[in-house]
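There are 2 protein chains.
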Amino acid sequence: MKLKSPYLVKPHAKLKLSRFPTDDTGTYKHEDAAKAVLDRHREDLDSLQEIFYASQQKALLIVLQGMDTAGKDGAIRHIFSGINPQGCDVASFKEPTPIEVRHDFLWRVHAQVPPRGMITIFNRSHYEDILVPHVHNQISRKTLDQHIEDIVEFESMLHDNDTIILKFFLHISPQEQTRRLQSRIDTPDKQWKLSESDFREREFWPEYEDTYNHLLGATSRKNAPWFIIPSDYKWYRNVAISQILVQTMKDLKLKYPEPSLDPSKIKL
Amino acid sequence: MKLKSPYLVKPHAKLKLSRFPTDDTGTYKHEDAAKAVLDRHREDLDSLQEIFYASQQKALLIVLQGMDTAGKDGAIRHIFSGINPQGCDVASFKEPTPIEVRHDFLWRVHAQVPPRGMITIFNRSHYEDILVPHVHNQISRKTLDQHIEDIVEFESMLHDNDTIILKFFLHISPQEQTRRLQSRIDTPDKQWKLSESDFREREFWPEYEDTYNHLLGATSRKNAPWFIIPSDYKWYRNVAISQILVQTMKDLKLKYPEPSLDPSKIKL
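Those protein sequence lines, which keep their order, are chains X and A. Counting in my numbering, the first sequence runs from 1 upward without gaps. Counting in my numbering, the second sequence runs from 1 upward without gaps.
Please note that a few of the clues may not be correct.
A pair holds if it fits inside one copy or across any two, identical chains being indistinguishable in the list.
Below, in silico cross-link-like pairs of lysine-lysine (DSBU-like), each with a Cα-Cα straight-line distance of 30 Å or less [what the hints assert, rightly or not]: (1) Lys58 / Lys94; (2) Lys94 / Lys29; (3) Lys29 / Lys250; (4) Lys142 / Lys265; (5) Lys267 / Lys58; (6) Lys267 / Lys14; (7) Lys142 / Lys193; (8) Lys14 / Lys193; (9) Lys16 / Lys58; (10) Lys255 / Lys190; (11) Lys193 / Lys250; (12) Lys58 / Lys29; (13) Lys35 / Lys10; (14) Lys222 / Lys190; (15) Lys265 / Lys4.
Source of the hints: derived by calculation from the structure; they are not laboratory data.
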């Protein structure tokens with residue numbers, strides 16, 4: 001991973017999310033310019049995915065995390081609509097089921113990792129399974145660190161088995177979260193998304209932030225990096241992520257596989 | 001299912017595929033007109049899928065079958081790129097694995113059916129698992145008919161559990177298959193798709209056609225209909241399928257769910 005990005009988290013970084021911008025728009029002054037670039041990226045992703053799928057050399061795992069309303073669903077919708085659904089899966093991790101909690105926390109996650117040739121997007125992930133319990137004091141800092149080690153080793157194993165891992169933390173300000181929840185309250189077609197838990201978990205913003213401060217640095221690795229994406233502006237969030245995806249996939253320089261038959265010898 | 005379509009197979013129909021057109025283009029004289037309508041259908045599907053996902057009332061299972069090169073992959077790519085990948089899965093059924101053949105033939109298929117709120121596309125399906133063995137005389141007509149009964153009952157059970165089933169047979173002529181294979185031979189970026197089996201199975205065209213003649217009528221039901229889609233023209237195939245999808249989803253008249261909280265009582 002030679003990728004340069006201002007949003008890349010260095011391995012073992014001691015970071016404070018509060019020092020990272022939520023409203024940066026990079027080199028874009030206007031939404032229109034960013035949207036035009038996003039459109040180009042979507043076209044690029046579509047053709048890069050075709051070769052990615054055909055070559056079956058690498059798997060791509062994209063992890064999306066962020067506070068409630070940070071825009072995980074929106075990012076999936078806007079960046080990945082346009083890609084061939086045959087080559088792209090989305091795995092959404094909700095509260096674990098009774099059978100899932102009886103397994104180790106990586107069990108349900110491992111079942112969903114992409115095979116070579118596929119892109120899988122984790123909408124929430126194994127990170128949620130240590131984040132939430134830690135915020136609510138259900139696991140100690142020691143257990144948290146044990147699980148962090150488990151994750152680092154798990155992701156390293158995936159990398160050793162041809163999986164490219166990109167992890168995006170969608171970073172919004174608490175004020176932006178308030179605006180987005182207010183918009184759900186005010187928009188009839190969005191009201192069904194309202195849930196008690198959004199309002200309850202919101203009270204724990206500082207604890208979530210603290211846990212993320214620790215998590216992001218502790219689990220960012222050269223081969224499984226975190227990016228802290230300024231996400232107050234949805235249009236910038238989309239193009240900042242798509243930029244990293246396109247660059248990563250281009251850098252692979254994949255090719256269509258060699259034919260298994262000699263085309264010159266086939267007579268129909 | 002009140003849908004009217006000239007391509008609908010009536011339950012228990014005795015049919016001959018050779019009497020169904022492969023090169024019909026319906027009311028479209030030109031590719032451009034069809035493509036403009038397909039674009040509109042894709043936009044419709046995108047918004048219909050959003051409500052479908054939110055409402056979690058129904059599941060949608062789309063089955064694609066056809067001779068090799070009939071365009072199953074292309075149909076997925078052209079009709080469903082544009083849909084939110086979070087609400088749409090593709091399950092491709094290849095030759096069964098050793099563990100799969102040790103199970104009943106519906107086992108691997110059942111594992112992949114859509115939950116309520118989701119669309120799943122079967123790229124090949126349980127039909128392949130009775131079709132191919134019958135063509136190669138590995139199962140008797142009696143076993144075929146037993147499996148047909150199993151399928152009809154399985155699909156009926158899915159329907160009773162809120163699954164809408166639409167099955168499309170992509171119908172091409174043998175001449176069109178020859179052209180498409182020739183194009184794979186001649187196009188470097190497509191040569192990797194060439195496989196011995198395409199050329200081998202092609203010799204069995206009449207046996208495939210016979211088995212399909214029997215299968216399609218025997219398994220088309222009001223609640224799990226087959227459509228025989230003229231597919232020599234890819235652009236017509238796409239719009240003929242998308243037309244049926246849009247109509248089916250519109251007819252559901254789904255709505256966003258009621259909010260679980262009273263929005264007027266929330267104070268941020």
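Quick rundown of the hints versus the structure:
no.: 1; hint: Lys58 / Lys94; verdict: both (27 Å within a copy, 20 Å between copies)
no.: 2; hint: Lys94 / Lys29; verdict: neither (36 Å within a copy, 49 Å between copies)
no.: 3; hint: Lys29 / Lys250; verdict: within (26 Å within a copy, 40 Å between copies)
no.: 4; hint: Lys142 / Lys265; verdict: neither (64 Å within a copy, 41 Å between copies)
no.: 5; hint: Lys267 / Lys58; verdict: neither (33 Å within a copy, 48 Å between copies)
no.: 6; hint: Lys267 / Lys14; verdict: neither (64 Å within a copy, 36 Å between copies)
no.: 7; hint: Lys142 / Lys193; verdict: neither (35 Å within a copy, 51 Å between copies)
no.: 8; hint: Lys14 / Lys193; verdict: neither (35 Å within a copy, 49 Å between copies)
no.: 9; hint: Lys16 / Lys58; verdict: neither (33 Å within a copy, 44 Å between copies)
no.: 10; hint: Lys255 / Lys190; verdict: between (43 Å within a copy, 12 Å between copies)
no.: 11; hint: Lys193 / Lys250; verdict: between (37 Å within a copy, 22 Å between copies)
no.: 12; hint: Lys58 / Lys29; verdict: neither (36 Å within a copy, 43 Å between copies)
no.: 13; hint: Lys35 / Lys10; verdict: within (29 Å within a copy, 47 Å between copies)
no.: 14; hint: Lys222 / Lys190; verdict: neither (39 Å within a copy, 35 Å between copies)
no.: 15; hint: Lys265 / Lys4; verdict: neither (46 Å within a copy, 47 Å between copies)
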